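Given these sequences and hints, build the entire structure.
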Amino acid sequence: TIFSQPGVDRILILVSGAHSRVHLAGCQLACAARGSDQSPYPKVVSACLLAQKGGHADLVDCRLGAPGAYARALVAKDGGTARCVGCVFTGVEQSAAWASGKGARFELEACSVADCGGYGAVYASWGAHISLADCSVVRNRHGNGLMALHPGSRADAIRCVFSECLWAGVGVRWSGAARLEECRLSGNGANGLQVRKSCGLEVELINCVDERNHAHPLYAHKSKDLHSTAVGERGVPSRGVSSQAAGNSSLFSGAGRR
Numbered sequence: 003t004i005f006s007q008p009g010v011d012r013i014l015i016l017v018s019g020a021h022s023r024v025h026l027a028g029c030q031l032a033c034a035a036r037g038s039d040q041s042p043y044p045k046v047v048s049a050c051l052l053a054q055k056g057g058h059a060d061l062v063d064c065r066l067g068a069p070g071a072y073a074r075a076l077v078a079k080d081g082g083t084a085r086c087v088g089c090v091f092t093g094v095e096q097s098a099a100w101a102s103g104k105g106a107r108f109e110l111e112a113c114s115v116a117d118c119g120g121y122g123a124v125y126a127s128w129g130a131h132i133s134l135a136d137c138s139v140v141r142n143r144h145g146n147g148l149m150a151l152h153p154g155s156r157a158d159a160i161r162c163v164f165s166e167c168l169w170a171g172v173g174v175r176w177s178g179a180a181r182l183e184e185c186r187l188s189g190n191g192a193n194g195l196q197v198r199k200s201c202g203l204e205v206e207l208i209n210c211v212d213e214r215n216h217a218h219p220l221y222a223h224k225s226k227d228l229h230s231t232a233v234g235e236r237g238v239p240s241r242g243v244s245s246q247a248a249g250n251s252s253l254f255s256g257a258g259r260r
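Numbering (the working numbering), first residue to last: 3 to 260.
Just so you know, these hints were derived from the structure itself, not from any lab. Note that the coordinates shown come from a computational prediction; the quantities given were computed from them, not determined experimentally. Every residue gets a Cβ at the ideal spot worked out from N, C-alpha and C, and that includes glycine. Incorrect hints may appear among the rest.
Derived CB-CB ranges, DEER-like [to be verified]:
#1 S18 to E206: 32 to 38 Å
#2 E206 to G56: 25 to 31 Å
#3 I160 to V90: 17 to 23 Å
#4 W176 to L220: 20 to 26 Å
#5 S138 to P69: 16 to 22 Å
#6 G56 to P219: 43 to 49 Å
#7 A112 to T3: 19 to 25 Å
#8 D80 to I208: 31 to 37 Å
Encoded structure:
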């Protein structure tokens, strides 16, 4: 068990440099240190574990929390990578897992992410990749469950659940991309899947269930599809998109066609 105290030990475990590796099994990590701000890509990061510059971390059956203001559980940037199997993320002030920058990558398998925050509880930015299999991402009270932001960023999920998040179950913005297969998106405040018009890459859904979304009254207006004429009439720059029927494959583009 590794805990930090408020105001110190911004990074509990640092894995930095090519060929640097760490393997954690059955560990408990909690970061109480304060980050720099609540922006989606802060200058100063507080986290349980940071993998960077080619460093790699394997975590198996670990439990991670980050109650510190603006803190995160796992961060990968500048080519850092991590793989998590059977891990539990809970009580994280910001994103539970954030990968940022080209070459940064997370793989989550059979993990649970609950009551975590950030723009996305699981989040890829600036060209990073995140993949999830057999995971649940629930109750982000601040943003999306899963999010891909910026050109080159990609989020792939298979047999996952994204539910009860304040915004969308899955959000794709600013030319990000995503592929969801056999996933359930339900009970989110906005759309099950929300795609911004700025996304030039395709977003693919295969055999997904999208149900009981638009649960928050503040996001009821987002129920219309991107190609709705109301977008232009109202001057709203973007709309969410929902695929209502299970068993359908849909492609969404930045132009709003489906």
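How the hints compare with the structure:
1. S18 to E206: 32 to 38 Å: holds, 34 Å
2. E206 to G56: 25 to 31 Å: Distance hint for E206, G56 holds at roughly 30 Å.
3. I160 to V90: 17 to 23 Å: holds, 20 Å
4. W176 to L220: 20 to 26 Å: With a Cβ separation near 22 Å, W176 and L220 satisfy 20 to 26 Å, so the hint holds.
5. S138 to P69: 16 to 22 Å: Since the Cβ atoms of S138 and P69 sit about 21 Å apart, the hinted range of 16 to 22 Å holds.
6. G56 to P219: 43 to 49 Å: holds, 46 Å
7. A112 to T3: 19 to 25 Å: holds, 22 Å
8. D80 to I208: 31 to 37 Å: With a Cβ separation near 32 Å, D80 and I208 satisfy 31 to 37 Å, so the hint holds.
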